[in-house]
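Enquirer: Take a look at the letters that make up each chain.
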Amino acid sequence: MQLAELLPHLKDLPHADKLLLLHFIISELLQESGIIPLEDQGKVSSTNSYNSFEAAAVLAQALLEEKAVKHG
Amino acid sequence: MVDKARFRFTEIEPQLGALSTLPYLPVTLTYQNCSLSASGLLDTGSSVNVLPYEMGLRLGAIWERQTLSVPLGGNLARFEARALVLRANIERFPPVDLAFAWTRDRNAPLILGHMNFFLEFDVCFYRAELLFEISPKRRG
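Line by line, the protein sequences give chains A and B.
Numbering follows the numbering used here, with no gaps: position 35 of the first sequence is 18.
The number in the numbering used here is simply the position in the second sequence, starting from 1, with 5 added.
To be clear, the hints were calculated from the coordinates, so they are not data collected in a lab.
Each residue gets a CB set at the ideal place from its N, CA and C atoms; glycine is no exception.
Be a bit skeptical, because a hint or two may be false.
[What the hints assert, rightly or not] A partial selection of chain A residues facing chain B, derived with a Cβ cut-off under 10 Å:
no., residue
1, L(-10)
2, P(-9)
3, A38
4, E48
5, G55
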């Protein structure tokens, strides 16, 4: 679809959708440029599941429940 | 039966070359009748496997039906996580059940951690050669 075809539709969008579209375009441009958005910077390095031993215990329970369902 | 498989480290930043390589493992995940192929980061520091939200949705899992809440640490603590058990096929090894902390964090990577990836597979890292090798645990 050409931009000229798209423009009339964009003009008809509600205000909130125009803002969301703007956000989408900025995200696309950042992604294409290989730039990490400010709100995501440092996220990957600080995202962690370290020392989540209680979480590991819950997953062990989930596996037991799955086993019980499969094997009775 | 194949008892070992070798994989190359994956280069994340082409400009940085070998400095940016990480051990991503190709895996096919299945939930009920739905499968997808993905690459999971082998993370020996992670207590658990982590499944990003979108990936769970693409597998057809329904958030509201998962009843076990998983308390994660770090930045992931900001997002709710629930336990989800998936079937995992790696290379030509027999399929295994992997339990994941299915996080609502849409930016989380797919992580393969101690519970229970590293309980199912032994892994040797040959970082200098940019290789890693995995083998299923021996069942006695």
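Enquirer: For every hint, state whether the structure bears it out.
Expert: Do the hints match the structure? See the list:
no.: 1; hint: L(-10); in the structure: 30 Å, violated
no.: 2; hint: P(-9); in the structure: 32 Å, violated
no.: 3; hint: A38; in the structure: 5 Å, holds
no.: 4; hint: E48; in the structure: 8 Å, holds
no.: 5; hint: G55; in the structure: 16 Å, violated
Checked against the numbered hints listed earlier, the structure breaks hints 1, 2, 5; every other hint is satisfied.
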